[in-house]
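Chemist: Sequence:
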Amino acid sequence: MFSSALAAVHPGPVTAVTLDGIALPDPPGGVHLLAIGKGAHAMAGAAVEALARRGACPAGGVIVAATPGAPPHPALEAVVGDHPVPGPGSRAAADAVVRAAARVRPDDLAVVLLSGGASSLVGAPVPDVGPDELAALTGVLLGAGGDIALVNGVRRRVARWGAGRLAVALAPARVACLVLSDVPGYDAALVGSGPCAPDATPAADVIAQLEAIGAWARVPDGVRRRLERAARGEPDVPPADDDAFRRVRIELLADNDTAVRAAADAARAAGFHTVAHDERLAGEARALGAAIGATLRAAAESLPLGGRVVHVWGGEPAVTLGDAGPDARGGRMQELALAAAESIRGARVVLLAAGTDGRDGPTDAAGAIVDGDTWDRMLAAGRDPAADLAAHRSHAALDAAGALLRTGPTGTNVADLVIACVAAPEPTVSRSDAP
Numbered sequence: 001m002f003s004s005a006l007a008a009v010h011p012g013p014v015t016a017v018t019l020d021g022i023a024l025p026d027p028p029g030g031v032h033l034l035a036i037g038k039g040a041h042a043m044a045g046a047a048v049e050a051l052a053r054r055g056a057c058p059a060g061g062v063i064v065a066a067t068p069g070a071p072p073h074p075a076l077e078a079v080v081g082d083h084p085v086p087g088p089g090s091r092a093a094a095d096a097v098v099r100a101a102a103r104v105r106p107d108d109l110a111v112v113l114l115s116g117g118a119s120s121l122v123g124a125p126v127p128d129v130g131p132d133e134l135a136a137l138t139g140v141l142l143g144a145g146g147d148i149a150l151v152n153g154v155r156r157r158v159a160r161w162g163a164g165r166l167a168v169a170l171a172p173a174r175v176a177c178l179v180l181s182d183v184p185g186y187d188a189a190l191v192g193s194g195p196c197a198p199d200a201t202p203a204a205d206v207i208a209q210l211e212a213i214g215a216w217a218r219v220p221d222g223v224r225r226r227l228e229r230a231a232r233g234e235p236d237v238p239p240a241d242d243d244a245f246r247r248v249r250i251e252l253l254a255d256n257d258t259a260v261r262a263a264a265d266a267a268r269a270a271g272f273h274t275v276a277h278d279e280r281l282a283g284e285a286r287a288l289g290a291a292i293g294a295t296l297r298a299a300a301e302s303l304p305l306g307g308r309v310v311h312v313w314g315g316e317p318a319v320t321l322g323d324a325g326p327d328a329r330g331g332r333m334q335e336l337a338l339a340a341a342e343s344i345r346g347a348r349v350v351l352l353a354a355g356t357d358g359r360d361g362p363t364d365a366a367g368a369i370v371d372g373d374t375w376d377r378m379l380a381a382g383r384d385p386a387a388d389l390a391a392h393r394s395h396a397a398l399d400a401a402g403a404l405l406r407t408g409p410t411g412t413n414v415a416d417l418v419i420a421c422v423a424a425p426e427p428t429v430s431r432s433d434a435p
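First residue of the sequence shown? That's 1 in this note's numbering, and the numbers climb one at a time after it.
I should point out that these hints are in silico values taken from the structure, not numbers from a laboratory. Backbone N, C-alpha and C define an ideal beta-carbon position, used for all residues, glycine too. Among the hints, erroneous ones may be present.
[Claimed, not checked] Ranges of calculated distance between the beta carbons of each label pair, as one might list FRET restraints:
{"id": "1", "residue 1": "Gly346", "residue 2": "Gly233", "range": "56 to 64 Å"}
{"id": "2", "residue 1": "Asp376", "residue 2": "Glu211", "range": "40 to 48 Å"}
{"id": "3", "residue 1": "Ala56", "residue 2": "Pro127", "range": "33 to 41 Å"}
{"id": "4", "residue 1": "Gly69", "residue 2": "Asp278", "range": "32 to 40 Å"}
{"id": "5", "residue 1": "Gly21", "residue 2": "Arg406", "range": "32 to 40 Å"}
{"id": "6", "residue 1": "Pro28", "residue 2": "Ala52", "range": "14 to 22 Å"}
Put together the whole structure using the sequences plus the hints.
Modeler: Quick look at the structure:
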């Protein structure tokens, strides 16, 4: 089911299908490709092949990814940025985008291929914010439990290519922006910090969001000063009515909902009654895991003999680290799975919780697979899973039970999935029934 979900959101095929199916402008000039994100190599390769089917080839462009790779056409430059926190590689990648954008002429078409991770991979700051401040901002937001919408909603204000600044740099050329969204609920202004979409959120609202999660006091000085000036009326992002945005077409390739539907379809095809939940995973991962586990346990206990049901959720919760110690290590999905393991202890439930990119937090795992025995296996291995959960040590606890899911990089990124199979309790045999 998880594999089916990943296949449905693989960057290459969804890019090819979309480019083959839409009417692109036929520019008098050339076509330039700018692919940014974890799926950049696959998307660029598919785009080059799609252009060839139209009798065209790229006149130039750039591929910015998290891993090295050979460009699929000699006109394209390939660079590697830093992820999940922007660093020197990200600034070099942002400069590569400057060079690529400068080569786009007014009568050209720019095809921007955007996927998850783009914010960090080209994470260079605007001039009055230091590079260390942008990196620190990311750490502050993640540590405070900010979800991806909040994190990107703040970062785009101070990112060199955020809040529509790439569209403005490419103007007056036409732009087709194809988006593989890692933002649950999909908002083109948030994916990759919205390089081709305007940011209409008032700066005062951004400040209020930071205050609400207790992060405003820890925001780096340069970022805070810029937001305060913007709240007083000083422009800090391109206006939403800028002519550049009238020349941009944005197409959604796939998102978290696509993955949820594909996982649910695979479960149904395997003969399971299936529930694809509409509510998205959001909020604290620990609380979500406990609640989901309790729901699944109750569902198992209410099933008729022989009954089996698959439940699927999608989204992206958060982990608030607070004053966690130096041994805190894990990720959203590992923490959710560990909390769920306690709730389903002894029940006939198997739960997979994983990031679709194959990396959950700063670890080597995509997530975890837990069942009714996992909690006891951790205890038997000498762990105190309750203490580990409280201290955000989900990786070590789950590893001790052999519950970690290690997929390696999947080549895509559409946030997180939770897939659970629930079975009715096994019948008990009374003495009168015994042979």
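Chemist: Now tell me if each hint is right for this structure.
Modeler: We went through each hint and held it up to the structure:
1. Gly346 <-> Gly233: 56 to 64 Å: Given a distance of about 60 Å, which is inside 56 to 64 Å, the answer is holds.
2. Asp376 <-> Glu211: 40 to 48 Å: holds, 43 Å
3. Ala56 <-> Pro127: 33 to 41 Å: 36 Å Cβ-Cβ, so the 33 to 41 Å window holds.
4. Gly69 <-> Asp278: 32 to 40 Å: holds, 37 Å
5. Gly21 <-> Arg406: 32 to 40 Å: At roughly 36 Å between Cβ atoms, Arg406 and Gly21 fall inside 32 to 40 Å, so the hint holds.
6. Pro28 <-> Ala52: 14 to 22 Å: About 20 Å separates the Cβ atoms of Pro28 and Ala52, which means 14 to 22 Å holds.
Hint compliance for this structure: no hint is broken.
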